Amino acid sequence: MTLTAERAPADPGLRHRLAERGVDRQLLLLLPAVLFVVLLFLYPFFYGLQLSFAPAQGGPFASYIAFFSDSYQSGTIWITLKLALPAALLNVLASVPIAYRMRGNFRGKRLLTILLVVPITLGTVLTAQGLRNFLGPNGWFDRLLGAIGIADMPQLVQNYWGVFFSLVITGFPFAFLLILSYLSGIDPTLERAAATLGADWKQRFLRITLPLLAPGLATTFCLTFVLAFSVFPSAVLVGDPAGSTRVLSLAAYQAAYEKFDYSLASAIAMIMGAVELIVIGVVLLARSQLYTGTTGGKG
Amino acid sequence: MSSFSELRLDGVGRRFAGKDALVDLDLTIRSGEFIALLGPSGCGKSTALNCLAGLLPLTAGSVWMDERRIDTLPPEKRGFGMVFQSYALFPHMSVRRNIAFGLQMQRLPRGEVKRRTDAGIKLVQLEDHAGKLPGQLSGGQQQRVAIARAVVLEPSLVLMDEPLSNLDAKLRLEMRTEIRRLHQSLGLTTVYVTHDQEEALSLADRLVVLREGRVQQIGTPEELHSRPVNWHVADFMGFRNIVDARVVGATGTEAEVEFDGTRLTGTVAGGSAGVTAGISTGATVKAAVRPDDLRVTTGAGLEAVVEVVEYQGREQAVEARTPGGRALHLRTQERLAPGDAVRLTVSPERLLLYPSDAGSAAQPLVEAGAGT
Amino acid sequence: MAATTSTNTTTRRRLVASPGAWLVWAAVAFFLLNLAGVVGSVLVSSFGTRWFDSWFPEGFTGEWYGAAWKEFGLLDVISVTLQISLLVVLISVLIGVPAAYVLARRTFPFKRLVMFAFLLPILMPPITYGIPLATVLYKFGLAPGIAGVVLSNLVPSVPFVILTMTPFIEQINPSIESAARMCGAGVRALFLRVLGPLLVPGILAAAILVLVRTVGMFELTFLTAGPDSQTLVVALYYSMSAAGIRAQQSIDAMAVIYTSTMLVLLVIALRFVNPTQLVARVKETPEP
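Chains as they are written, first to last, in my numbering: chain A, 1 to 299; chain B, 1 to 372; chain C, 1 to 288.
Hint data in this document are derived by calculation from the structure and do not stem from the laboratory.
Fair warning: there could be bad hints in the mix.
To be verified - Some chain C residues judged to face chain A by a derived CB distance under 8 Å, without partners named: (1) A21; (2) T128; (3) P132; (4) V200; (5) I203; (6) F218.
To be verified - Within a straight-line C-alpha distance of at most 27 Å, the following computed DSS-like cross-link-like pairs (lysine-lysine) qualify: (7) A/K202 / A/K109; (8) B/K132 / B/K122; (9) C/K139 / B/K19; (10) B/K170 / B/K114; (11) A/K259 / C/K111; (12) B/K170 / B/K132.
Unchecked claim - Non-contacting residues of chain B with respect to chain A, defined by C-beta distances greater than 10 Å in every case (computed): (13) A17; (14) L186; (15) S356.
This structure is a prediction, so every number in the text was calculated from the model and none was measured.
By construction, the Cβ of each residue, glycine as well, lies at the ideal position given by its N, Cα and C atoms.
Turn these sequences into a full structure, and let the hints steer you where they fit.
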């Protein structure tokens, strides 16, 4: 690379040109991280991409054709989106009013925040176990409903709803904390200024805070969506892994570790990445239409 | 580090991704001199200072300390001291450790470090605060620590980057005196960057005025104050009234111009040769005059109506508008009120006439009349 | 007009006043109640004897913990988990911090491309890159095994350290570094005496966050772990998906052990970092 040329101060012209572009030996500090990304992320990624076009039998597109022609496989895209999109949306939308209430300081705020953080550390596996116990037949929730007279409780785990709940439990705190930090980044004097100009509570929120928060909401939605989209253990543990919650991750895993068809597995992984990037791309495109400058807050 | 008799910047330039921040700076700094780099924000003065410090690699030219080329040296090998606008004190070290840091970097014996640190603390009168962290000090105190940290190394050159601009007005005046006093007592060669012309005029032996990365004028405070070399420099040196006027007659170094129907006589400036490149009859020129030099007269003069009056102690700052709609600023001891009609005049040697083409910025002027 | 209040001081008053607020707090309470139910049912079950058709088990006992400890070989699992997590933390800090420094301080050709490459592993679902990565690691004989688990866990961790540390380094005034160099400090002294001490809080925060994420990371570990390189969360998954073979309560006991490990980490983390940093990059300026 051009970096080594820097050691030859004999050519002042070259040194001056490199200085103008900001190239010098300090950039070598970046080298381990770049190597790392290339070796452990880009190389496997392209290896997988190549693998997906090199199936054991058939033409280069055989794996993709196999995926899309089999509705049991291709249906996983829709199943995954049907889980991830509503869950991410609910997590973001529910967080906004709660975070809005919790701006500023009040007694017990830190405790409440910590309580809301706990589920992040539970992880999907414990959440699944808890949901099984809590929402399952004869669990506390069932008994509670029975006690207030609702005997005929619908099944809440080992189906779509079990996975959905686990996505809300792990995803909501995540979305909430992000939005809380975005909200605290908005200078509160902006709302006070709007108040002095005659805006009432609703107008202040809709015309000042929300537009400033919107880019943050888009980012939060993306990150929450990524989390929900890659759902895997809970789809098995509290879902219906053979049917209504057979998500993309599961299909990819089964192709690789149960059928040992690495080409199909890679193809599914690539499709999964593509679908996710499309959703994120659409959201980020919409976000780029918004005002994304300073929000007047500190930091 | 050893001292020098002459530090020479030779065609120094800096580009950022195709954009010039500093072009072709030639400057010779003599030992013991106090040089101010002056200009509006974005004029390249801080770039020049950082290039000199070695914090920013050059993209053109070279820097020479006597016969030694130093622009290839890293900043820590140049033996300069620097005071930053934001103070840049190490937040995790006490005042004492901040000041001692540079001495420790030179691996001086412990006793000497202590002696010189003590001297540095005493120099800036911070004996009572030596154990405190920077966060516990006021802005003025922090700046004194920063100065002590730079001068305690007895550097061959001290670089100051707008050191006073974060202080309030009163403290700024005090610190200005203190910096001047330090310079006089220690005799340190200093390059001082500021956008405040008053600060530069009061501190420096010589000023370098920059605009858009190019040197406009180099000279003594006296020269810059009375004879700015073009109307941009005039604008920056406090000529608040700069108007377009039409030349109706030129005679040698003087010319008669017409402005808003009134004729005024001014001095042709711009180029010490006195030759009047853009100043011929019929040409449009820039006429520049300071608010202090515009006088209210009872005789003939420029008619104007007073619009805004600011009380400023003994004097009033007045904004008046000519019939042509042009606002003029003046300072006067007469008590005027908004709505008053006045007539204004200026003596010919205080009305400077410049060619109005902006191209003058493109040609850096040679170091003319640089003697101190 | 009297209701127009400034937001800071009157939150508590509004709690009493507005029905909208009640709705919000009720939603929070409902969420927390269910959360308590989820966690509590596991906790109670892990200490219970027989628990079928009743609110609480017939009796309480601690023997499931002993059973789980022996049955699942938890000592090994925990020590493997710790080894893997600490290795991941150490390596990702060593690789990530210098890179974050360059990204925070410098502009250079293709910087946006480099940033994007660092962002991708965080944006992609772990399975998407995990399966090709696991295939490659198997091909080179690095998986299954601890090496493979560590390498695959580094993929999201290094970018995470970079993204956490970059804004942290950005908020350290660069003229402090310039000042150190003008005082004669070389690169080594600069990092050891000036930058190092200033970066410690940020590195600590990033390290703890990576630790929490690695202990909780299921997918990547699952794909690359062999029988002797399972972390706690993967072992838990296996025992759960093989439910029926083992007593439900001993799985619950194991889940509680896992959660308490995470909670201990969480409590430590919260001493150093703001809760919002657990999910986002460092946004707020740390106190000096």
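How the hints compare with the structure:
no. : hint            : in the structure
1   : A21             : holds (6 Å)
2   : T128            : holds (4 Å)
3   : P132            : holds (3 Å)
4   : V200            : violated (18 Å)
5   : I203            : violated (15 Å)
6   : F218            : holds (5 Å)
7   : A/K202 / A/K109 : holds (24 Å)
8   : B/K132 / B/K122 : holds (15 Å)
9   : C/K139 / B/K19  : violated (50 Å)
10  : B/K170 / B/K114 : violated (33 Å)
11  : A/K259 / C/K111 : violated (41 Å)
12  : B/K170 / B/K132 : holds (24 Å)
13  : A17             : violated (7 Å)
14  : L186            : holds (33 Å)
15  : S356            : holds (34 Å)
Of the numbered hints stated above, those contradicted by the structure are hints 4, 5, 9, 10, 11, 13, listed in ascending order.
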